[in-house]
Structures are given as structure tokens and as C-alpha cells.
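Position chain D relative to chain W; hints supplied.
Sequences listed follow chains W and D, in order. Note that my numbering gives residue 1153 to position 23 of the first sequence, counting from 1, and the numbers run on in steps of one. Note that my numbering gives residue 29 to position 40 of the second sequence, counting from 1, and the numbers run on in steps of one.
None of these hints come from the bench; they were simulated from the model. The beta-carbon is built from N, C-alpha and C at its ideal position, and this holds for glycine as well. Accuracy of the hints is not assured; some may be wrong.
[Stated by the list, open to error] So, partial list: chain D residues that the calculated Cβ filter (under 7 angstroms) puts toward chain W:
1) Pro57
2) Glu58
3) Gly59
4) Val83
5) Thr86
6) Leu105
7) Val112
8) Gly113
9) Tyr114
10) Asn117
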Amino acid sequence: MWATDLTRGRGRFHHVLSAIAPIVVLLGLVSCQSNPKTEPPLQLNLHQKWQLQPGDQVAGYPVLGGLGDISISLNRQAVYAPFTGRTQLDNRNCVIFSSPDVPAYLFRLCGLENPRLGSVSPGDRIGRADTLQFAALRKQPNGTWAIVEPSRQILERTLKQP
Amino acid sequence: MKTSLFTHSVPKFLVAGGSVALAVGLMTDLYGLPSFRFRKNVGEACQQVVRAEAKLSRDQLAKLLVIPEGQNQKAVRQVVQDPYCKLSSLQVRVGATAQREAYPLDFDANTWLVVLYEGEQYVGYRFNTR
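Just chain W, with the same shape it has in the complex (with noise of 0.2 angstroms):
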């Protein structure tokens, strides 16, 4: 009788196993992925030593677009990845989307809720927000950024999908 019993218990102990175990094996494949949320935030270093920018307060409020932003009223409606790319937060907890089929540009989001990080395919939805604040940097040739104008094509392809 015990016997019995014991063979039966360890008969549905494998069949347990056997459904838990490939879930096992996903979490551990899951948990093994870096997680790019905790990636220490970008620090890049501006070309243009403006006083206030994105993420700064004056007279207690909260700046939300410096000089070079330009600002768009998209009531909660999402951005998209404009090319094959990457998105990292900034030390202003903007959102800094770079591309290798973009070399020399960065593009800096701000303003986003819950944004996608890590990597992203053209047309990924990288968040949502009530105005966005977006800024094209440009490589100089001393390694910093310069903040420029954006064509209406780059922006065009980061509101809309394709």
C-alpha cells in the first residue's frame, strides 16, 4: 500500500515537473536579459551651455522644453521608432533614441510616460505623451551634441507609424 501510494505521488510529482519546468526555464531566460530600466541614465554633454533645460525648475516649477525643443501638443497619443535603434534615458529622464543607420544624430524625447527602452524596430511604439518635447542632436567634432533643427520628415516619421 505504501509502496503504491509512494510510486503514484512521484508519478504526478514528474508530471508536475514536467508542466512547471519550461516555465522554470523561460523565468530564467527572462530574469537573465539585461535589463535596460536599470542601465545607469545617459549624461551627454551639451554643445549649447543654455541655463535651463528639460528636467530644471524656476520660481519652483518644473521646466518641460529648453531652446531647440520643439514642442507638440499630442494628447496622449503615442511616438514610434523612427529607424531600427535603441532608447536609454537621460540624467533628465528624457528619452534619447539613437540609430546605427543614423550615425552622428541622437534624437531626445522628453515628456514621455512609461517609455519602451532598449531596443526598438521602425514603428515601435516608445510611449505616450501629453505634449512631447523633442530635440535632433548633432555630432560635433569635439564630442559634444548640438541641439538643431529637426526636419519635418524625422518628425513626421517619429508621430506617425509607417
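This is chain D only, laid out in the frame that chain W set:
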């Protein structure tokens, strides 16, 4: 005696249901897995092949990396020669059209170098792992 742990205390449907719920929960995260990412993460396609046999050697790459941004395109071309292909031209900032040229690396077939010019000016490079 007959009550063993797995016959009565954990009903089958609970185990099955729980597994399915867990699996569904995990699936939502699966797209973050490297394999899914890798499949999706393909660079932009060539618009026009210029020199099909073009490949950058270590020596050429080392010479390119010391050319400062802002130099004339000729200085870069002298080192890297004609590209494998051109990507579509693009306007990133107002008043300048960007031309992008791609070179596979001789010593790493999955990595490409993309060089960006605006007019005659070399603006920068980035590596693309395909």
C-alpha cells in the same frame, strides 16, 4: 494512506490553469528576449549597391576612426574607398541632406559600418550589427 500530496491537495485543473496563466503572462514579456530582438533588429536595406566586393579591413577601420568629424568627404573616401552600398538619402535636420554609405567589415561579417555625410562634409559613423 490514500491521500497523497498531488492527488488531492493540488487539483489537476489548478496546475494546468496556473501553468497557462503563467505562460500567458510570460509571453507578454517574451518579445524582450534576445532571440526575438535579434530577429527584429535588422538594419535598413541598401538602396543602391556601389561596389559589391567592398570590405573594410582592420587597417582601414583604424585609419577612419582617427579622422575627425567635419572633415571633407574626400579624406574619408581615400581611406575606405567606395562603399558596398548607399542607403536612402535622408533629411535629418533642416537645410542638409544626409547621404549614408555602408561597408561590411572584413573581419566580422555581421557588422557593418555606416558613414554619414552632409554635402561634402563627413559627419560621423556608427556600427550596425545585423
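Here's how the hints hold up against the structure:
1. Pro57: holds, 5 angstroms
2. Glu58: holds, 5 angstroms
3. Gly59: holds, 4 angstroms
4. Val83: holds, 4 angstroms
5. Thr86: violated, 9 angstroms
6. Leu105: holds, 4 angstroms
7. Val112: holds, 4 angstroms
8. Gly113: holds, 3 angstroms
9. Tyr114: Since chain W brings a Cβ to about 5 angstroms from Tyr114 (chain D), closer than 7 angstroms, the hint holds.
10. Asn117: holds, 4 angstroms
Checked against the numbered hints listed earlier, the structure breaks hint 5 alone; every other hint is satisfied.
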